[in-house]
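Using the sequences and the hints, build the whole thing.
Number of protein chains: 2
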Amino acid sequence: MLNCDMGAKKASLPSANSKDEERMAALVAFTAKTLETSRPVPFGALIVNSKTGERLLRAVNAVAVENDPSSHAELRAVRLACKQLKQVSLAGYTIYTTCEPCAMCMADALWARLDRVVYGATIADASKHCLQIHIPARTVAARSDMPCIVDGPVLRKQCYALFTHPNMIAAFALWSNRKPAKAGGT
Amino acid sequence: MLNCDMGAKKASLPSANSKDEERMAALVAFTAKTLETSRPVPFGALIVNSKTGERLLRAVNAVAVENDPSSHAELRAVRLACKQLKQVSLAGYTIYTTCEPCAMCMADALWARLDRVVYGATIADASKHCLQIHIPARTVAARSDMPCIVDGPVLRKQCYALFTHPNMIAAFALWSNRKPAKAGGT
Numbered sequence: 285m286l287n288c289d290m291g292a293k294k295a296s297l298p299s300a301n302s303k304d305e306e307r308m309a310a311l312v313a314f315t316a317k318t319l320e321t322s323r324p325v326p327f328g329a330l331i332v333n334s335k336t337g338e339r340l341l342r343a344v345n346a347v348a349v350e351n352d353p354s355s356h357a358e359l360r361a362v363r364l365a366c367k368q369l370k371q372v373s374l375a376g377y378t379i380y381t382t383c384e385p386c387a388m389c390m391a392d393a394l395w396a397r398l399d400r401v402v403y404g405a406t407i408a409d410a411s412k413h414c415l416q417i418h419i420p421a422r423t424v425a426a427r428s429d430m431p432c433i434v435d436g437p438v439l440r441k442q443c444y445a446l447f448t449h450p451n452m453i454a455a456f457a458l459w460s461n462r463k464p465a466k467a468g469g470t
Numbered sequence: 285m286l287n288c289d290m291g292a293k294k295a296s297l298p299s300a301n302s303k304d305e306e307r308m309a310a311l312v313a314f315t316a317k318t319l320e321t322s323r324p325v326p327f328g329a330l331i332v333n334s335k336t337g338e339r340l341l342r343a344v345n346a347v348a349v350e351n352d353p354s355s356h357a358e359l360r361a362v363r364l365a366c367k368q369l370k371q372v373s374l375a376g377y378t379i380y381t382t383c384e385p386c387a388m389c390m391a392d393a394l395w396a397r398l399d400r401v402v403y404g405a406t407i408a409d410a411s412k413h414c415l416q417i418h419i420p421a422r423t424v425a426a427r428s429d430m431p432c433i434v435d436g437p438v439l440r441k442q443c444y445a446l447f448t449h450p451n452m453i454a455a456f457a458l459w460s461n462r463k464p465a466k467a468g469g470t
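Chains as they are written, first to last, in the numbering used here: chain A, 285 to 470; chain B, 285 to 470.
Treat the hints with care, since some could be wrong.
Note that the list lumps identical chains together, so a pair holds whenever it fits in one copy or between two copies.
[Stated by the list, open to error] The calculated EDC-like cross-link candidates involving lysine to aspartate or glutamate, where the alpha carbons are at most 16 Å apart (straight line), are:
id, residue 1, residue 2
1, 412, 429
2, 317, 304
3, 370, 350
4, 463, 429
5, 463, 338
6, 303, 338
7, 441, 304
8, 441, 306
9, 441, 305
10, 367, 429
Bear in mind the hints are in silico, worked out from the structure with no lab data behind them. Since we're looking at a predicted model, the values are computed, not measured.
As structure tokens, this is what we get:
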């Protein structure tokens, strides 16, 4: 068993605050709307101006809809934001995500120069339901030449509830990256 | 200084072979064509059928052209391949890339279920010219629930020559993620 901590540093200031909780709660509500559709996903992302808090845009995971394994909520949000702003840099912006970004999404946040990443549920939480890459977002940031603050978990319980909603549990069973049943399980 | 090795495992069999060198040489030639354009890039990727070797498609880095920080050669190639095949899985395919995939691209290769990743120059090579995320591709693969063979470096010298071409050196000076000159340097 490898040590997954890999020397991850503690998040730098500013740490999570009440504004973060407010924005995450709204993002959970936005993401939860998918649970009543034919394509439920527990992954949603929101990009805001770091100073003013003004919302730039929101996105949910669309891997199946777009036939694109990179269409995670965070990477899609970054892609759409850059297209909207007609620039490759999101310096001055913060991303909120209902789940700790995987190595792909965290690296993309770094390449995009986002100021800060704030996440809800953890990779370990998501790992109970679907296959994962076990590298903490803070570790990816710590190994990068490009700075980015990583904060979380924020409203972990509310974010994790997206994963355990009955419609989501039913949907996970159809995912190609579902977590296989344990030996001896059903 | 963090230890960048992070317990990376040796590549599994099958190891790199003469077919790999042949394909990498052709990919270097393909990527080198960009050096004579207004948008030179040292990053090219090729996806082939793992069994037959038949080429599916090739792509180069298009971050600046597409205003998308995720438009690295490998991630673009995977995205285009999935769109072409109308499926999210590239199981049965191998990707060749002129440079070791960053954490974003390696994680995307894992989500896409690619059988194998074969790279040329290393992240350390690229780091001499532009900002990087210092996590070896093999480490990302080793931490994943999804298996993928990582082989390289293959034709490292030829691949690194893409980075040191005079047109590329001139272009790097204009990149937003260029490597800053060392203290005392010019």
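Results of checking the hints against the structure:
1. With identical chains, the CA atoms of residue 412 and residue 429 are at most 16 Å apart between copies only, with a shortest distance of 12 Å across copies and 32 Å within one.
2. Neither within a single protomer nor between protomers do residue 317 and residue 304 lie at most 16 Å apart by alpha-carbon distance, with minima of 20 Å and 47 Å respectively.
3. When the C-alpha separation of residue 370 and residue 350 is checked against a cutoff of 16 Å, the pair qualifies only between copies, where the shortest distance is 9 Å, while the shortest distance within a copy is 22 Å.
4. In the homo-oligomer, the alpha carbons of residue 463 and residue 429 lie at most 16 Å apart only across protomers (9 Å), although the nearest pairing inside one protomer, at 33 Å, exceeds that limit.
5. With identical chains, the CA atoms of residue 463 and residue 338 are never at most 16 Å apart, being 37 Å at best within one copy and 32 Å at best between copies.
6. Proximity of residue 303 to residue 338 under the C-alpha cut-off of 16 Å is restricted to the intra-copy arrangement: shortest distance 12 Å within a copy versus 53 Å between copies.
7. Taking identical chains as interchangeable, the C-alpha atoms of residue 441 and residue 304 lie at most 16 Å apart only when both belong to the same chain, with a minimum of 15 Å there against 48 Å between chains.
8. For a Cα distance limit of 16 Å, the shortest separation of residue 441 from residue 306 inside one copy, 14 Å, qualifies, whereas the shortest one across copies, 52 Å, does not.
9. Within a single copy, residue 441 and residue 305 get their C-alpha atoms as close as 12 Å, which meets the 16 Å cut-off; across copies the closest is 50 Å, which misses it.
10. Neither within a single protomer nor between protomers do residue 367 and residue 429 lie at most 16 Å apart by alpha-carbon distance, with minima of 24 Å and 32 Å respectively.
Figure legend: structure checked against the earlier numbered hints; hints not met, in rising order: 2, 5, 10.
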